[in-house]
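Order-wise, the sequence lines are chains A and B. For the first sequence, the numbering used here gives the first residue as 1, with consecutive numbering after it. For the second sequence, the numbering used here gives the first residue as 309, with consecutive numbering after it.
Just so you know, the hints here were simulated from the structure itself, not pulled from any lab data.
Restraint ranges, calculated between C-beta atoms of paired labels, are given here:
{"id": "1", "chain 1": "A", "residue 1": "ARG118", "chain 2": "B", "residue 2": "ARG559", "range": "14 to 24 Å"}
{"id": "2", "chain 1": "B", "residue 1": "GLY547", "chain 2": "A", "residue 2": "PRO79", "range": "49 to 59 Å"}
{"id": "3", "chain 1": "A", "residue 1": "GLU19", "chain 2": "B", "residue 2": "PRO436", "range": "17 to 27 Å"}
{"id": "4", "chain 1": "A", "residue 1": "GLN11", "chain 2": "B", "residue 2": "VAL607", "range": "56 to 66 Å"}
Here are a few chain B residues that face chain A, going by a calculated C-beta distance under 8 Å:
{"id": "5", "residue": "GLU405"}
{"id": "6", "residue": "HIS406"}
{"id": "7", "residue": "PHE408"}
{"id": "8", "residue": "TYR410"}
{"id": "9", "residue": "LEU412"}
{"id": "10", "residue": "ILE418"}
{"id": "11", "residue": "ARG431"}
{"id": "12", "residue": "ARG432"}
{"id": "13", "residue": "LEU458"}
{"id": "14", "residue": "GLU564"}
{"id": "15", "residue": "ALA578"}
{"id": "16", "residue": "HIS579"}
{"id": "17", "residue": "CYS580"}
All C-beta atoms, glycine included, are put in the ideal place defined by N, C-alpha and C.
There are 2 protein chains.
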Amino acid sequence: MQILVYAQETQSYVEALQEVAPHAKIFGAATLTEAEPHLEDTEVLFAWGVPPAVLARMPRLRWVQWLGAGVDLIVGQTPDDITLTRVVGAFSTVMSEHVFAYLLALRRGIFEMRQLQREHVWRRVIGPSLRGQRLGVAGLGSIGSEVARLGRAFGMEVWGLSRTDRGGEICDRHFLPTEMRDFAAGVDALVLVLPATPETDGIVDAEVLAGMREGSILVNVGRGNAIVERDLIAALRRGRPAMAQLDVFEREPLPEESPLWDLPNCYISAHCSGPSEPRLVCTFAAENLRRYLQGEPMVGIVDRERGY
Amino acid sequence: MQILVYAQETQSYVEALQEVAPHAKIFGAATLTEAEPHLEDTEVLFAWGVPPAVLARMPRLRWVQWLGAGVDLIVGQTPDDITLTRVVGAFSTVMSEHVFAYLLALRRGIFEMRQLQREHVWRRVIGPSLRGQRLGVAGLGSIGSEVARLGRAFGMEVWGLSRTDRGGEICDRHFLPTEMRDFAAGVDALVLVLPATPETDGIVDAEVLAGMREGSILVNVGRGNAIVERDLIAALRRGRPAMAQLDVFEREPLPEESPLWDLPNCYISAHCSGPSEPRLVCTFAAENLRRYLQGEPMVGIVDRERGY
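One chain only, chain A, in its complex shape (with noise of 0.2 Å):
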């Protein structure tokens, strides 16, 4: 059996793999040059980042392990008769934690502190508490339910907004994606951990970020999509909600001539909340291939339909 890794370091996904499957021969790749030799005759691959067009390059190809947690780049191109797998519970530490370093920041008004420091300027900074807020999680996939624990942790309420009712038992009332409006117009920090899927296409527009609260924070850790830019830049300037933290953005990098860059109220990351521990990610994928050599169910399997 052959297996391709194709990510930008390989090294220790090849080692964990092999570990697994001791007869197979793994190769990593890290372009598509030094992916091309191995194509025809691959079973099993796992990237992130490869360019979907090579998979039609791959007649053996039976399983595709994405070593990321949203496969909206890959999913429409993977054809049906092809397993995909994305990966499920590895990010959720490191996110929620990304999440509540944000949430906390704003609330305590770390930044403020950090700029009267350069100022050389004593002078208290009081915050309110999350204690008591409500917290609206967007997507109760393994990733928001930890979110959802964290904000417990934290003494808040928790809402919650998913598909189905799944993940409802978390929350203490749970809304559909037809209930947006509703949903982010009772909660103090809303938190976006969605799939991209037409479904969640620009759910968050102009008339759902008018009905934010005062002082609201809105945080999308999920996919670009879910938010429509050009209205969130319009509702910063009014100030509903008041801050947002970004993860994810319609194009990425995000471009240069964004308004985004610069609103005081907007803090931006790279893209960067999630993959802090490519180790987790690596125990993942070893183990959904020790599922697939003894004819396990795999973990992850992608619904093509639902888009996740």
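Position chain B against the provided structure of chain A, taking the given hints into account.
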């Protein structure tokens, strides 16, 4: 009965206390001049920041409720026959949010993200997760216990240090003050929540700092006396600890000439980790007054010998 409230903002206190003691004469004072006419007949004093010398001019005084958690400024000046109580519990939520705001911000690199945004640079910032790191909490009262609880919620291993083994049950391992060096050397984040007493004076000195781990973070939200600041300045220049967040200092306000202002790995806040919830202090004070009036044991009675 006459009650005096001495604080910067007295109205909410006066109202809350009057509800508990409708027949008492309750006065508010923000300055010594305003307090002057009421000193002679006051039986109960609710105070924060009152000049301690005033107590000697209050012949009918029987009880002082300090409106803060740390009584180091008043405990030595309060005659032994006057009951002294401090606030217990009301600060734990906001102070532990302050601690985790900084731990997460420093680990996730969000100050660096903000700087990259200012420069319009799209670059991923990847930091380690708190999960699996070891948190050391020195001081296991109500505040330290809440810091420990949140540490667990983030999947950290928790070590604790306190004067007795009280509070030890919430830690994976417990240390006494004499073991500060080993304690500090074993943790990734050292959080000080210690009262100012002769026993804690300079407990974090050059030797303790030199033993800290590579990449470690020191946070002080207790009292400035615990750290030998001259030693910390030298230690931060050497990068052990890697970073410090200081909310309290040997002298406050922090003097303009202190090198701490400009050390890039030192994050300063102006003794503001605690008091964003005056409502909670108010509730605490009113409940203690109710207990006093009904002859029940009060909460937060200060042990003069221990100093807290």
